[in-house]
Amino acid sequence: MPLVNNKVGDDCTASGDKALADGKALVDSLIKVVACYRHLASCVGGCTDSLQLRDELRQTREKAQNLAGDICHHLTSHLRDKSLPDGQRKEMELLWVAFSSCLELLHVDMCKVLNISGIVSLADSASLVHTGLEGGCSDVAARALSLPDLNQAQTDSLPSGLESQERSTMELEISQIDRMIDDMEMKVNVLRWMVEPHGPQYADPLSSTDSVSMAVQSIDEEQQAPTSQPLCQRSHIFVLLLLVGVFFVAATLSLCIFFFS
Amino acid sequence: MIVVVKWQNVEKSEMDLIEKFAIFFFSSGAAVSSSSFLISLISHCVILQAEKVLLEMQDPCTGVKSQPQRLVITIIPHAITGEDIIAWLADRFQIDAQEARSFGSMLVALGYIYPLQDHKRLVIKPDASLYRFQTPYFWPTQQWPVEDTDYAIYLAKRNIRKKGILELHEQEQYNHLHKWMNHKWDFVVMQAKEQYRAAKERKKPDRVVFDCQERAYWVVHRPPPGTVSAMDYGLDRRTDPNTDETQTPDYYERIMIFTQQSIMRPRVKSSVSIGALVKYSATYSGHDPFLSKCLPSNPWLTDDTTYWTLNMSNVEIPTKMRVERWTFSFKELLSDPRGRDDFRLFLKKEFSGENLAFWEGCEDLKWGTAVAMREKAEQIYKTFLARGAPRWINIDGKTMEITVKGLKHPHRYVLDAAQTHIYMLMKKDSYGRYLKSPVFKETLKKAICPEEHKFNEVQLEQNARNRRPSLSPIIIRQQEQEQRAKMAANAPVDITQLCRFTTPVPHLAVYTGIPDPPSVTASPSLPFLAHTPVCPSPISVALDSTSASERRMEASDGEGNTEVRAPEGGNLSKSRMALSLRRLLKRGCSPSTMFASLSPKCHTAATTSSRIQPITPDEASQAPPRRIGNFFQIKVDIPPECRIYPIESEDEDEENRPASRDAVGTEEIICPWESLTRQNGTG
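Here the protein sequences line up with chains A and B, keeping their order.
Its first residue numbered 0, the first sequence is counted upward by one per residue in numbering that gives the first Met the number 0.
Its first residue numbered 0, the second sequence is counted upward by one per residue in numbering that gives the first Met the number 0.
None of these hints come from the bench; they were simulated from the model.
Don't take each hint at face value.
[What the hints assert, rightly or not] One-sided and incomplete, this derived list gives chain A residues near chain B with beta-carbon spacing under 10 Å:
#1 33
#2 111
#3 130
#4 144
#5 192
[To be verified] Here are some of the chain B residues that sit facing chain A, going by a computed Cβ distance under 8 Å:
#6 46
#7 50
#8 64
#9 65
#10 66
#11 75
#12 197
#13 200
#14 201
#15 365
#16 366
#17 367
#18 369
#19 370
#20 374
Cβ atoms here follow ideal geometry from the backbone N, Cα and C, with glycine treated the same way.
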């Protein structure tokens, strides 16, 4: 934040900073929700598709839309405010760009879900594509909704009008998002090419404990030559040892965290 | 057989037909024997049919039987083997195994099934290699184009998981996206992190499956460079043919215009047009790579590029098929660069190469940049059309008039009439003789007929793995330019002074202060006098000089000097010419200058190309042009009639030659135009 050197503007900047922080928090949570929605959407039409999944999707969608509405108001009001200092304006524009990209992603995901539910119907469970997934995505949904746990009542039967009702609500919501995007473009003119991001080009690796799936994937790629049997065995042993080592490391780390927090 | 369906200009009614065909093909798989099958375009109906097939395939009861995939510690269900897929497809559609394999490969290429091992090669292997169905979220669709933002997020995610895992082309893409999507980059990185964290909430096997799915999706939609992608569908159409068009007044207006134009179109009798079609098909059917064999093998099928290397434009020995094509029509001959070279060689022997050179110059003008147009037009005029030009072409008076008038305000097509005239001349005259000429016969004899390749499976796979990109078109263009420059510089020049003409730059216009071209041709009809009062002796003199010059030219081929000639304005009388000629010979001047001094008269005799260039001495009033530009690519075109006469003085010339050859580059003749003025003064 650039230092504003006038005492008169102190209150403004303070409130501006707060507004900025609020906006950032909102946008961050929207990004999180959209990411989770994508994961949920990727399960639609597969063998793990169920009413529960659709329910989770719906809830995530609602949350996303509420957040989107809030951010929209927040950002539009601030960006239309002519007296906003330059530095804050830049930050706001960054948030704006992130917000519009989020909305676009959400829009596409929603359209895809609508489309898939048209092709693969829940009612015909044999037509759900066997994609290899087994578990549900309730953890992801819980993360999206920021709830520690998601208690879902299992509904066994499929109410007859649910699908069509769902489709119509989805279409409504999609058109809502559409309108929001259009409104945004109308009301606030943000020159995208002037916006400069802060962050690095490469995202830093988040954690190293995901070597499990890495190892699994690397084995996947090693399974190319069916004739290299002894090699496979050797690589199996090597990976097993590696995994055991990783388990130990993870265990000690969690113990440390447990003891020191 | 390869079925390639292109949608570019398909009307709705035709599209219905094609849709029906596709449905028929997919559902019945009737008697279509093929070795490979490729729909090079995804359309809505293809997607629909593929989806139907896929839903059937994955049915647990009636579909392909699945088995669990065993990874180190996890077991992931719903993996299917390649051979099972092929067997199921063959069974369901009642087609043979090869067909089923092609069909399966198509499904993999489109992204409905993805391989678990060797994930970059999107083919079905008829063995126990494993595949899995792709989740509907990642199915190909045309309604929402694949976004670069998603790709950036995916790459960022992979980088988060393990730094440096991106391949080279992915790295390049990432940098490129970072550059032009820079404003979104914070968002991209944040979204990648969030998606990564959300993925961690899932169970391990599901995470692996999702990663495989996503990776397969991006292999299909962002293939590594050099691979053929099923997603290449060419240009996007402006309108979606599947949507019903609203009946607005605009729509009806368009229909009205269309029908009006159809009525106004000139009509040809169907017997004539069908006859032409039949003739065309009969002629070209042997040369069509779809309808008949492509020797040695079709590179698109076997990944072996011998066919392309054998048919490159600068190849020494062409293939028999190619030479046969040249006999079909003159247009074929000219459009094939190798054919054109051959024809040029023939014309050089016949000494009527200026026709082809003029034609090529006109083409260059037509297709060149607008900046260079004016200069090129000037150049061509000076070289080919001006009175007394070094490579004067023979066109009729009316065309010349039109052309010269047009040259006052040159534009791209100003030489069109002349070009057409010359083209028809070449076609009616030279082409026939070319086909009977020894040059052509020689080429035909030397032409090779390559053996057909017979690759087996293993070799085909090997070829696929060894695919390499070809020469960049930039390099090829540079080579062509170099060749052109070399050709331009091929003619020998005995220029002794280093002037700006020593570097052969065919397109450099050096306007040397000549009065406007149109004004020069005060009497354009003059060059077309059928009879010239020229005695044979100049011809024999010319003969000596030209034969000597020809020999000298051939001897000093490739020296790389430019030849500068100044055409004589016909001011020299015969005696003066003979005098100057002998003098020049003794002094060892450039043969070209000699020839230049004689050129207008040289072409007197009715040559085969019926060139008549009498430039009578009446034009003494005309001030001799000091120079007419620079003439770079002058190959001396000597009318064949000159050779008929016995060449007595050749021996003298031969004796002179070694002496004069040493004298080349010596002090006597500096620049041809200057020598000309001197001759004018002295002669």
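Verification of the supplied hints:
1. 33: Check passed: Cβ of residue 33 of chain A comes within 7 Å of chain B, closer than 10 Å.
2. 111: Result: holds, 6 Å to nearest chain B Cβ.
3. 130: Since the shortest Cβ distance to chain B is 4 Å, the answer is holds.
4. 144: At about 12 Å, which exceeds the 10 Å cut-off, the nearest Cβ of chain B leaves the hint on residue 144 of chain A violated.
5. 192: holds (6 Å)
6. 46: Since chain A brings no Cβ nearer than about 10 Å to residue 46 of chain B, farther than 8 Å, the hint is violated.
7. 50: Hint on residue 50 of chain B: holds, closest Cβ of chain A at ~6 Å, below 8 Å.
8. 64: Violated: closest Cβ of chain A sits about 11 Å from residue 64 of chain B, beyond 8 Å.
9. 65: Status holds, d = 6 Å.
10. 66: Residue 66 of chain B check fails; min Cβ-Cβ to chain A is 11 Å, beyond 8 Å.
11. 75: Where the cut-off is 8 Å and the nearest Cβ of chain A is about 5 Å from residue 75 of chain B, the hint holds.
12. 197: holds (5 Å)
13. 200: holds (4 Å)
14. 201: holds (6 Å)
15. 365: Violated, about 40 Å.
16. 366: Hint violated; residue 366 of chain B Cβ to chain A Cβ min 37 Å, cut 8 Å.
17. 367: At 36 Å from the nearest chain A Cβ, residue 367 of chain B fails the 8 Å test, so the hint is violated.
18. 369: violated (32 Å)
19. 370: violated (32 Å)
20. 374: violated (40 Å)
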